[in-house]
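Spelled out, the chains give:
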Amino acid sequence: MYYHNLRNSIENFMYIYLPIAEQPIHSLVILSIGAFLGLIMGLVGVGGGFLLTPLMMFLGIPPPVAVASVANQLVAPSVSGVLSHWKRSNVDFKMGTVLLLGGIVGSSIGVILFNFLGKIGQLDFVIKSSYVIFLTLIGTLMFSESLRLILRTRKGKVTRGKLHQHNWLHGLPFKIRFRKSKLYISILLPVLIGVIVGVLAALMGIGGGFIIVPAMIYLLGMPTSLVVGTSLFQIIFVAANTTILQASQNQTVDIVLATILLLGSVIGVQLGSRFTNILRGEYLRLILSSIIILVSLKLLIDLVTVPTDLFSVIISR
Amino acid sequence: MKFFFHINLIFLVSILTSNTFAQNQIVADLSQENVKIATDFQGAKILLFGAYDGKKGDDIIVIVTGPKGLVTVQKKEKILGVWVNTKKVNYINTPKYLSISSNRKIDDILNKKTQKISEIGLNNLKIRIQPGIKVENEGNWRQALTRNMLKSNLWSINENSVTLNKDSLFRSYLELPSNVTTGQFEVKILHYRNSKLVSQQINSINVLKSGISAEIYDIAQNYSTLYGIFAVLLAVLVGWGSNLIFRKV
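Those sequence lines, one after another, are chains G and W.
Take 1 as the starting number for the first sequence in the working numbering and just add one per residue.
Take 1 as the starting number for the second sequence in the working numbering and just add one per residue.
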């Protein structure tokens, strides 16, 4: 009897009532999800935001709260990441600033869009379907890329591409010199990339690392060594802007949820960066991309299967 | 709590036997009048107990009604292969919590007509659709509302859940789920004899957010920008701190 009571009270203690999501949740579950994604972040180098939000939705957190709170938690690992990249001088602050100007405009547009979609009752649908599109895209790209790398290294061939290619995008006006990145390109391009990533950050609760990193490498032609640090630098500001706007416009930031998640993730990131040498990058990316594809499949299935009840209710506060 | 409950019962029985209270009355009390939603809230179970001036075959119905307000019912339709919310109906004046408990089947206590007049039963609630909206198949929407509210445990029918004792004491457990809304809840206790209302009493439960949870909610609502800035600063601090701590390890 006593044992049972004790166990019950420990169980009760583990549950934390989320003040904004307005529901109790098991704190260890959230903590370990945060740690798991932090681990991925530390191992692979891309943010776990795009997996975190869907996982929160699977746990029953309302999508608007999940998106806004994940944006909040993203600030922590980004700050931590930028600091360590800065030490190795891997951040192009000029490029980062141009990107983040676009990002702030984009995330502001995103929050307004978020608010509007909520009013017409399509927010959940837009969040879920954009996740299906982006996760499928990223998952398959990452999967085929890492598979190709694995097969190629098995054959023992190593090929090296051009540093970067010139295309029509480099012909745009308002050119600026980015000394650190050794680039002389139009300012419009990084601003536009920033805007797009900002909108997605606000709408999906992601840092946008998986979009901005390839864009910086392939579209801007930035040196790979600078890409991660610079993207993390701009993510801090985009995520911060998103958090503040979501909080003030939509009141959807759950600080308790975000705090538990970020505590988990900072621990996970540190663990992850310590284990980087155990598994080869390609294999890690192969595993990660399989998880991403599974998550997007689950979301897709939810969207296309006939709902058990066509009707649902929303209780206004 | 059980101990106090027994003391209360003894007290009530002594009142009953000493004839000090008038005929046809109900005396009721709740184990908890304020329900606080704190960080450990997982729902609440409240004991309602009391005494009534009953005869053999009398019935007790307990109706708990939460705050009323706007509840929207949405309907999904298939568009290009995916299910999207396309239509909605707003119900105003809808109780966000409702539980109807009785000592036996309500149909055995009251006939359908009386149920309708006294607004007992989920289909007898006077809920209105927001004026100005034309709705086809209104019945379907109303059914959907009831079905979904039942599924989320915010509405419930609990027949046989009121325990009667010696035609003078009753007790019942009221369950508030973890997703319950805050506000004033009305607890109405109805005493029927041969399908006629003999007496009734109204108590109330106040559900409120309390502790850190309530403060966070208040700040998020009233000082939302400041709340957002604080959330960001906290994250920056944790990120920076983790960098300092783990650097040396």
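It cannot be assumed that every hint is accurate.
Which bits of chain W does chain G cover? Going by a derived footprint, with three or more residues having C-beta under 8 Å, they are [to be verified]:
{"#": "1", "stretch": "40-46"}
{"#": "2", "stretch": "83-94"}
No farther apart than 30 Å at their CA atoms in a straight line, the calculated lysine-lysine pairs in the BS3-like style are these [stated by the list, open to error]:
{"#": "3", "chain 1": "W", "residue 1": "Lys68", "chain 2": "W", "residue 2": "Lys166"}
{"#": "4", "chain 1": "G", "residue 1": "Lys119", "chain 2": "W", "residue 2": "Lys196"}
{"#": "5", "chain 1": "G", "residue 1": "Lys128", "chain 2": "W", "residue 2": "Lys105"}
{"#": "6", "chain 1": "G", "residue 1": "Lys119", "chain 2": "W", "residue 2": "Lys113"}
{"#": "7", "chain 1": "W", "residue 1": "Lys55", "chain 2": "W", "residue 2": "Lys196"}
{"#": "8", "chain 1": "W", "residue 1": "Lys209", "chain 2": "W", "residue 2": "Lys113"}
{"#": "9", "chain 1": "W", "residue 1": "Lys78", "chain 2": "W", "residue 2": "Lys113"}
{"#": "10", "chain 1": "G", "residue 1": "Lys298", "chain 2": "W", "residue 2": "Lys113"}
{"#": "11", "chain 1": "W", "residue 1": "Lys55", "chain 2": "G", "residue 2": "Lys119"}
{"#": "12", "chain 1": "G", "residue 1": "Lys94", "chain 2": "G", "residue 2": "Lys182"}
{"#": "13", "chain 1": "G", "residue 1": "Lys119", "chain 2": "W", "residue 2": "Lys209"}
Counterexamples of contact, computed for chain W against chain G with all Cβ distances above 10 Å [claimed, not checked]:
{"#": "14", "residue": "Gly69"}
{"#": "15", "residue": "Val71"}
{"#": "16", "residue": "Glu77"}
{"#": "17", "residue": "Asp108"}
{"#": "18", "residue": "Asn111"}
{"#": "19", "residue": "Gln115"}
{"#": "20", "residue": "Arg171"}
{"#": "21", "residue": "Tyr227"}
{"#": "22", "residue": "Gly239"}
To be clear, the hints were calculated from the coordinates, so they are not data collected in a lab.
By construction, the Cβ of each residue, glycine as well, lies at the ideal position given by its N, Cα and C atoms.
What hint numbers does the structure not satisfy?
-> 3, 4, 5, 6, 8, 9, 10, 11, 14, 15, 16, 21 and 22
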